[in-house]
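J.: Protein chains in written order, with my numbering: chain S, 1 to 475; chain U, 1001 to 1475.
These aren't lab readings, by the way, just hints derived from the structure by calculation. Quantities reported herein were computed from a predicted structural model and do not represent experimental measurements. For each residue, glycine too, the CB sits at the ideal point set by N, CA and C. Each hint should be verified, as a subset may be incorrect.
Derived list of chain S stretches under chain U, where covered just means 3 residues or more per stretch with a C-beta under 8 Å from a C-beta of chain U [to be verified]: (1) 164-177; (2) 241-255; (3) 438-449.
Protein chains: 2
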Amino acid sequence: MTAAALLDTLRQTVGAAHVLTEGDLSAWEQDWRRRKSGRALAVVRPGNTAEVAAVVRACAAFGTALIPQGGNTGLSVGSTPDASGTQLVLSLSRLNRVRGIDAANLTMTVEAGCILQSVQEAAAQAGFLFPLSLAAEGSCTIGGNLATNAGGTQVVRYGNARDLCLGLEVVTPQGEVWDGLSGLRKDNTGYDLRNLMVGSEGTLGVITAATLKLHARPVAQLTAWAAVPSMEAAVQLLGLAHRHLGAGLTGFEVMNQFSLSLVARHMPQLRVPFVGMDGAPWCVLLENSDSESEEHARARFEHLMERAFEDGCALDAVVAGSIAQARELWHVRESIPLAQAEEGLNIKHDISVAASRIPAFIAHTDALLAREVPGARLVTFGHLGDGNLHYNVQAPKGGDAAAFLREQEPRVNALVYDAVAEHGGSFSAEHGVGTLKAETLVQYKSPVALRMMRAIKQALDPQGIMNPGCVLLED
Amino acid sequence: MTAAALLDTLRQTVGAAHVLTEGDLSAWEQDWRRRKSGRALAVVRPGNTAEVAAVVRACAAFGTALIPQGGNTGLSVGSTPDASGTQLVLSLSRLNRVRGIDAANLTMTVEAGCILQSVQEAAAQAGFLFPLSLAAEGSCTIGGNLATNAGGTQVVRYGNARDLCLGLEVVTPQGEVWDGLSGLRKDNTGYDLRNLMVGSEGTLGVITAATLKLHARPVAQLTAWAAVPSMEAAVQLLGLAHRHLGAGLTGFEVMNQFSLSLVARHMPQLRVPFVGMDGAPWCVLLENSDSESEEHARARFEHLMERAFEDGCALDAVVAGSIAQARELWHVRESIPLAQAEEGLNIKHDISVAASRIPAFIAHTDALLAREVPGARLVTFGHLGDGNLHYNVQAPKGGDAAAFLREQEPRVNALVYDAVAEHGGSFSAEHGVGTLKAETLVQYKSPVALRMMRAIKQALDPQGIMNPGCVLLED
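Okay, chain S solo, but in the shape it has when bound (with noise of 0.2 Å):
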């Protein structure tokens, strides 16, 4: 009954045709990689700013639990809503219009269910770069971005998420618009809420709109790919490259051998550079964006691969020669979580070290899980400039792997994530906590810093309605 009087107020704030009850929702209620499926009270997808405010202040005088949505492409189940059928799902996926681009101070002002994809261009016809690149940008949203903080590609330069963000619009959980929009480089004035939001997964309030930052769009991109001997070769080969490349250094990425392989196996049109070379347990991606002409931006690789041969950490490359031949460097990155895909299934971790403890991390815990869990085959690839690797377990060669995953999932995320812990590590680089991580938060999060995040969910969200068990288990 209130939940028909719910629906009665929300059709009118904004339209019957978009809120959404019958049919297959499941676009809405199922999580990217269909680990959940949910179901709704509704999709409202509001039009406009007011009307999201309007939205959630429908739902907090009757008490009901929003889950904001952008592309759906989250990968810890932070969007959809849970089984009961009371929640209801908020989608942005309207609020789609580039509000503006100011050229001279290098920012733009796009709404949340902006597709990054789209934001990029927008940027790039203006003649800027939105370096924000990930591998789901043709389908996820800047909210969405914005609100669990990504990562991606070229965080070693341009920083998260949350660093190519200036200023920001939510609705807060009470319906009010806080207008914190901007295009300022400097304001201190006051608690920075901006930062608070970014990574709060639509707990705190939704984002509805936001200013980013703009860069100067590079002359020159060059691409390499480097084979080293060990990860201790791979991460000296990063300092290098960031003494030589300085602000040039816009990708480093690193895949073991086994990632390869799977890549060659079931992408035999794919040409792997290095790929089962002996002495060669990793090979290396670098990334060199240059202001000046590919001519320098040549020369500086040159430079540097010659000064990694000397010290002996890397034992052969490949610079491309083209755009394509760099894209198709790249696409052979790309291609690994796809060729696990095939692989069968998989045990996957987002899990971040620092840049100098990541070889103690390996050694230590590729050794674990040989002895703890045999026959295991590790698949590890990453932003190793940002010390991000995905460490993810592949199920027994011939094996059953939904057996496998049955069994052992619980138990591998235990010694990965205890591994990671005693390494000063964190459980969840760059896809969040979502309803997925939340119990592995109480585990490995300080208890202190539980609770300040905890008082801070009650003081912003008493009635606790924004996306209700995700980042907090609720009480």
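Start from chain S and add chain U according to the hints.
T.: Okay, now just chain U, sitting in the frame of chain S:
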């Protein structure tokens, strides 16, 4: 009586020698610019984090207010006690160890009481750059820099203090230690408590240590000084500099002719390029940091300036031929505050506006003040690369400057801050709110933001013992 009991507890905690109650305590009781002088119950100087926590627990038990203090060089009166004699000054000066440098991770961990210059030097000795740089660097502490999110001269490239911090150790208002020290560049496990603490000016907790980002040291640094025909031209030159120098652009300062004339008048030993030049109301200082060579830096700079002359956004320019000459150019810029002090009393502002809107802001506000405050002389200079101007108002020539300040300061502030607000700017770009601008915050901050800030303060510091009256006025 309870005060005596508290002091006894504190003496047992940190040693009697570190609980100061006698003698001249003005170094701790008076703010840097001598705008306010308070009286402390005592100045307590704990020697480590555990002692800080014990001091805070004792204060919480007695309900005694705490004023955390670093170098006490702040410009917004945020680190000195009120006149009641009931507040404790908590000096972090004895927490001054560099805990470690992690070269492979490009991080260093330092205690809050480290002098900024010592942090810079420790980084340099390890072969790295810690880029935070500001006038008070010989006396201010890194804890204070983080508590106020300090800015300075390198923000255009490296960001504010918050952008240089990866993790914090904080004593909460309950006297618990949050060990949030982290060298991780990606960590999405819950709310961003680090950025909430950074810039909260000691009102949410006491920063006791931090893990900071290190950068590669530039191989060469070149400095240029250009005369420009208008503020529009200065902003256009900024855009050109971003495009031509990319991440090499590490400084972009602007100065009006009146501020340069004050330097020429009061520091006759300094050579001030283009001072009084016809048709050039502004000069710009540019810094180009190069990871390659001085030759390369010079070639890029010349390329930029050629283009600037072609476009008419620079009339003339000099490029420093040596490090000594570069220092001299910076010295002229940095002498402006002293020169204006020599000239007499003035009303200071630390404002920011989007770079694109600065020309309109200047045209509007200069005309407004000329009309409303006849004879006032504008000392306008600052970090144009960040949209941050020190828009200072010097008393009319020959008049009674003290009377001018007494009679005109509130009115001039209102005129300037209203104009800033109309142009979407901030009344406090890099100096923070302190107690000095707490009322200004209430006037100009969004009421929604203020409500969120108050809710957070109440949630984390329900007793209200942490730096009361700073940032947020007491109810």
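J.: If a hint holds in the structure, say so; if it does not, say that too.
T.: Hint check results:
Chain U is given as covering the region 164-177 of chain S, and this holds because 3 residues of the stretch bring a CB closer than 8 Å to a CB of that chain, at least three being needed. Residues of the region 241-255 of chain S with a Cβ under 8 Å from some Cβ of chain U number 7, which satisfies the need for three, so the listed coverage holds. Residues of the region 438-449 of chain S with a Cβ under 8 Å from some Cβ of chain U number 6, which satisfies the need for three, so the listed coverage holds.
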